[in-house]
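*Asks:* What follows is the residue order along each chain.
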Amino acid sequence: MENKAIVCKDLTKQFGDFKAVDKISFEVSEGEIFGFLGANGAGKTTAMRILCGLSFPTSGEATVAGFDVYKQQEKIKKNIGYMSQKFSLYDNLTILENIEFYGGVYGVSRPEIKERSQDLVKTLGLEKEAKKLVGGLPLGWKQKLAFSVAVFHRPKIVFLDEPTGGVDPITRRQFWDMIYEASANGITVFVTTHYMDEAEYCNRISIMVDGRVEAIDSPAGLKNRFNTTSMDEVFYELARNAKRAAD
Amino acid sequence: MPSVTLNNITKKYGDFVAVDNVSFEVQKGELFGLIGPDGAGKTSIFRVLTTLLIAEEGTAIVEGHDVVKDFQEIRNKVGYMPGKFSLYQDLTVKENLNFFATIFGTTIEENYDLIKDIYDQIKPFNNRRAGKLSGGMKQKLALCCALIHKPEVLFLDEPTTGVDVVSRSEFWEMLDKLKKQQITIVVSTPYMDEAKLCDRIALIQNGKIMKVDQPQEIINSFPKPLFAAKAKNIYKLLKDLRTDTEIESCDAFGEFIHLTLKSETGNEETIKAIAEKYNPENFQVKKIQPTIEDSFIRLMREQNNSEEFKGASNGK
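Sequence order for the protein chains is A and B.
To convert, note that position 149 of the first sequence is 1585 in the numbering used here; the numbers rise steadily by one, no gaps.
To convert, note that position 143 of the second sequence is 124 in the numbering used here; the numbers rise steadily by one, no gaps.
Simulated from the structure, these hints should not be mistaken for lab results.
As the structure is a prediction and not an experimental result, all values here were calculated from the model.
Just so you know, not all the hints are guaranteed correct.
Straight-line alpha carbon distances no greater than 16 angstroms define the calculated EDC-like cross-link-like pairs of lysine to aspartate or glutamate that follow [unchecked claim]: (1) A:Lys1550 to A:Asp1527; (2) B:Lys160 to B:Glu198; (3) A:Lys1659 to B:Glu236; (4) B:Lys220 to A:Asp1613; (5) B:Lys217 to A:Asp1613.
Please take these sequences and the hints and turn them into a complete structure.
*Replies:* What follows is the structure, given as structure tokens:
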């Protein structure tokens, strides 16, 4: 049997009477690129926080990289990488300092940080900027660097929360090249996006509506099921009946 | 007379040129889109036009008034919805609306017709504080507040960023209704698929306007035949085709790869013959109509190439 990077069974998170996440169940295989889609307010962020070891579920089960979300939060954190559009790097540190900082936090040894950060800067073509503050970099570069930093400690799984929002169309594609490469190196990718063309780049996607996973399949499978050629329409069909006010 | 005119506007922050010699016009009653990624200069243009920033060079006219000399008149005539939620979080829905009506010397009732469709959707939450509203509702309230004084021009800075597909399409329906009321609308978005909903668009990148035209005209002016291809292992196909000398451009587009040939004459058969070299499984190819995103990518590359060329000739 293939190994599972993430397993969720009836995972639920309740705030008072409000079921933010309502009995969701799914599995993500190792090395898979898994798209986690949903309308605003569907419960994606809440579910993602649980899977990253930042919040306890109310009921149900889940393991991430084989570790239990109730009892082994710290082990989960060590084995994952995380990047979001909103926060990822420190603007007031240089590129190298950011890499060193994150490498250090995740327990990569000093000699290794030194060696690998030089390699990384070279691969990204940022040798000249390595000692400049991150704040001065164009957004596209920041996002690519943030992703590289998120996988610097070679985690088993990387969580990407709308990593390409607002990024130009060429950089957006370069970013997906990096995702493919990470996946080819065995890193499982768990990604959210509002760009439906990016949903097509995933091996499988799930679509959340009102706290529940309403559909989960390959992009082709979903389009088949809804008898359409566009992911936009699949999403529209599922999400337009959402009862929850969007957020 | 156009509703909005920019003549060679340049806005700098220190050494950084955010808006670089930008000129365009927006006609009365037009729905005009500024399309480009973060950092392209969209917000700076909005802030110059709403008299909140002064450009270093160039002139801009809104409804016949100069943005520097007549800023007071302009402020009475335009509605502005900034990209960042800027209403009073501690005031309720109703209080925010009343506040904005009052400072513009009007009342909610006076221009009720204009906001009715949108306001009806948030009216049940009249007594909720703005800070406690969901994203979609905040957006609707902000739009109501920007409309309450019946502006002649509405400036909307990235109203749909971070919003899901369903809410986005609802928002554009609202804009369409407003357009019918003869309000000029200038809207910015990083989502290229929204471009086709505008009468005319400006494609903007690195502070420069790459093109201004009707969406269909931009699509029609794509200079080469465009093909969409796919295979079982699409990523391998993408990497193989990228290295091929006969291929000019090759980009992932959802489940397909969009590509152009260096030669002017090729067709599907030419592409198939090229792809065969790499033995793709289940290979398919068809000629397609370009999208705005195809045009944007092409123009961006042209811009980058000409800048590199300039850099090279300067001996950098």
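*Asks:* Taking 16 angstroms as the top limit, are the C-alpha atoms of Lys1659 (chain A) and Glu236 (chain B) close enough?
*Replies:* holds, 11 angstroms
*Asks:* Are Lys220 (chain B) and Asp1613 (chain A) close enough, with their CA atoms no more than 16 angstroms apart?
*Replies:* holds, 10 angstroms
*Asks:* Straight-line Cα separation of Lys217 (chain B) and Asp1613 (chain A) no greater than 16 angstroms?
*Replies:* holds, 11 angstroms
*Asks:* Please work out if Lys1550 (chain A) and Asp1527 (chain A) have their alpha carbons no farther apart than 16 angstroms.
*Replies:* violated, 21 angstroms
*Asks:* Lys160 (chain B) and Glu198 (chain B): Cα distance at most 16 angstroms?
*Replies:* Violated. Lys160 (chain B) to Glu198 (chain B) sits at ~21 angstroms, over the 16 angstroms cutoff.
Against the hints set out earlier in the document, violations occur for numbers 1 and 2.
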